[in-house]
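Chemist: Here is what each chain is made of, one letter per residue.
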Amino acid sequence: MIDQLGNGLMLGVIIAVSAVGLSLLYGVTRIVNFAHGELIALGAICTLFFSSPQDSRLLYLDRFSPLGMEFGLSVFFAILLCGLAGALLELLLFRPLRKAEVGNIAVLVVTIGMSIFIRHLYLLFTTGKVQKFPLDLQRRETYLFIDLTPRNLKILIAGLIVMFIIGCFLTFTRLGKAMRAVRDSNELASISGINSDQIILSTWIISSMLAGLAGIFQGMINDVRWNMGFLILLLIFAGTVLGGIGTSFGAMAGGLLIGVFVQVSVALPFMEGHTEAKNAVALGIMIIILLVRPQGIFGLKERVS
Amino acid sequence: MKVTSRGVITILVTTLSLGAVYVLNPGSATRLMFSLLTFAGIYGLAAIGLNVHFGWTGLLNFGHAAFMGMGAYVTLLLIPHAAGREGEVTTTGLPLILAIFIGIASASLLGLLLGLPAIRLRGDYLAIVTIAAAEIFRLLVRDLEAITGGVYGIISYSDALQKYRPKIIDSLLVDMDISVNQTWVGVIAWLCIFAVLLLLKRLNSSPWGRALRAVREDEDAVRALGKNSVWLKLQSFMLGAGIGGLSGILLAFNYGSLQVSTFVPILTFYIWAIMILGGVGSLSGPIFGAIVFWVIISETDKIAEIIFENANGQQLAGVRFALVGLLIMFLMIYRPSGLLGKKEELLLDVK
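Chains as they are written, first to last, in the working numbering: chain A, 67 to 371; chain B, 1494 to 1844.
What the hints contain is simulated information worked out from the structure, not anything from laboratory work. No experiment lies behind these values; they were computed from the predicted model shown. Yeah, the Cβ is synthetic: ideal placement off N, Cα and C, and Gly gets one too. Each hint should be verified, as a subset may be incorrect.
For lysine-lysine, the following DSBU-like pairs were computed, each having C-alpha atoms within a straight-line distance of at most 35 Å [as the list claims (entries may be wrong)]:
1. B:Lys1694 with B:Lys1660
2. A:Lys195 with B:Lys1795
3. A:Lys220 with A:Lys243
4. A:Lys220 with A:Lys198
5. B:Lys1795 with A:Lys198
6. B:Lys1694 with B:Lys1656
Label pairs and their computed distance ranges (CB to CB) [claimed, not checked]:
7. A:Gln204 with B:Val1644: 28 to 36 Å
8. B:Tyr1748 with A:Ile227: 21 to 29 Å
9. B:Gly1512 with A:Leu334: 55 to 63 Å
10. A:Gln120 with B:Ser1750: 27 to 35 Å
11. A:Leu334 with B:Gly1580: 23 to 31 Å
12. B:Ala1598 with A:Pro119: 55 to 63 Å
Model the full structure from these sequences, guided by the hints.
Modeler: What follows is the structure, encoded as structure tokens:
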């Protein structure tokens, strides 16, 4: 069980980083973004495209050969691009929908349609092959009692730092406070002179950049697939729900817990020979939590009913 | 029956899209049409069930694939079949009609089970719960290989239905390159649609149907009038799930071999696209939605082959799915009431 802990922490950090973005966006805009997974995949696919050597024929439409950039630089540009994608989604799609007073459920269905659309564009572009970043293989080492590769250890630390920064940002900065104000009550925030359009735009950008980062983590830890975002989306929902939807700190904790739980559950006695069904256990927990304590572990009751 | 301009437009669009199949496929159009109409019948039936959930009651069900799967698996496992990698054909089994009945009942029961969260949760939470539950169902079916055949699926069950195939189908289709098995499934699917629509039409104008729509509009008012809105929601969930189960059974017989991968979330999204296309809340809308949808789907592949010349099969299927996504998006933004739906019958806000 202990040897699964490392894997669990890695999955947990991916889920937690993306769950923070999802939950922040839900809190501020009330949009359940089913296309969040596609922003995750965008981060990974962009990094793959930027960093792969130019002569590698990894993508469909051969006229776009990879750029062969240095890896760190690729990551930087990929995250920027994710932020840009988030901004465009808000400006071109979701702001007009909000102004037209389209209902929340209609917007939810729109995000589902968008998720299907974008995901299969990725399929068209990446040929559906499982691909890897141009990074060297590393051996696992033992830190304290957890087995991790040095790179994964760095990812884990980076993820925790990012979440810490996001936490500080929400708690102490003007923009962060404004976001929480809009989340708690849009009208009251407007009265105190907060421009909610601007806040929502910033939220989209931050949420998408976090998603992109999570995707890059996923690509570095495992691999890059066209549907990698959708495969993990339900687990992100589970993490968000576990921590309490709309709460950022809850989403971090819930995400980490779900990740660790999914991987560690593989080692449980009754799961022997049933590792393929490990996600079912996490989803089952999510449903039970929604039934028993819909506000999650850290959520407030009034946000649910 | 009142003739409305919407009705005329719908029938026009449906006829035109069927005509397009003939224009675009000289030679093979008739064969294509039989397969297309069979799929449209089966998916249309599923969309009618989904419409009971979303269109009538306002329940955001994104796990319809699980209801279809439940119906299909329970029915097939009760009749003679072969499951798994080296599955031997079981010779004993229940009579088909009884098995189908139990299959539908199990789907309804799953609906009841999934409906329980619906009582407590708001719309968007319900969407997450249902899609997660459908994934749990699929993962469990895949995992329980000893019973369900797992990834190897179930085969050798078609005879149970095909032995009832009337001779007239064989004699009508003799010398034509058309599958008699599929045609027989298609005939049954459309008979089922007819029967279900008759039933729903009665229910819709009954006090029960009115109470259901009242739940969608204003649940508190329904409660204030002394109706049990919780039980009404659960009944709606069971009814829609049962119809979904029936459609899943037909889908299984249409394929002739059952794969667990049939019931991935994208199946649910197909059904959603059909329901929105036909008209949310409209009784017969899903039928037209299903026909138009399958025409679009089957013609996309050909256009995609021309545009993306060196794409592989998976990528070509991707074009089709991308189009479904786009369709859902645009319909939801520009025409949420679909071809046939009434705008005032549409509930799109979280209460």
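Chemist: Determine for every hint whether it applies to the structure shown.
Modeler: Against the structure, the hints:
no., hint, verdict
1, B:Lys1694 with B:Lys1660, "holds (33 Å)"
2, A:Lys195 with B:Lys1795, "holds (23 Å)"
3, A:Lys220 with A:Lys243, "holds (30 Å)"
4, A:Lys220 with A:Lys198, "holds (18 Å)"
5, B:Lys1795 with A:Lys198, "holds (32 Å)"
6, B:Lys1694 with B:Lys1656, "holds (32 Å)"
7, A:Gln204 with B:Val1644: 28 to 36 Å, "holds (32 Å)"
8, B:Tyr1748 with A:Ile227: 21 to 29 Å, "violated (51 Å)"
9, B:Gly1512 with A:Leu334: 55 to 63 Å, "holds (58 Å)"
10, A:Gln120 with B:Ser1750: 27 to 35 Å, "violated (45 Å)"
11, A:Leu334 with B:Gly1580: 23 to 31 Å, "holds (29 Å)"
12, B:Ala1598 with A:Pro119: 55 to 63 Å, "holds (59 Å)"
In this structure, the earlier hints numbered 8 and 10 are contradicted, and the remaining ones agree with it.
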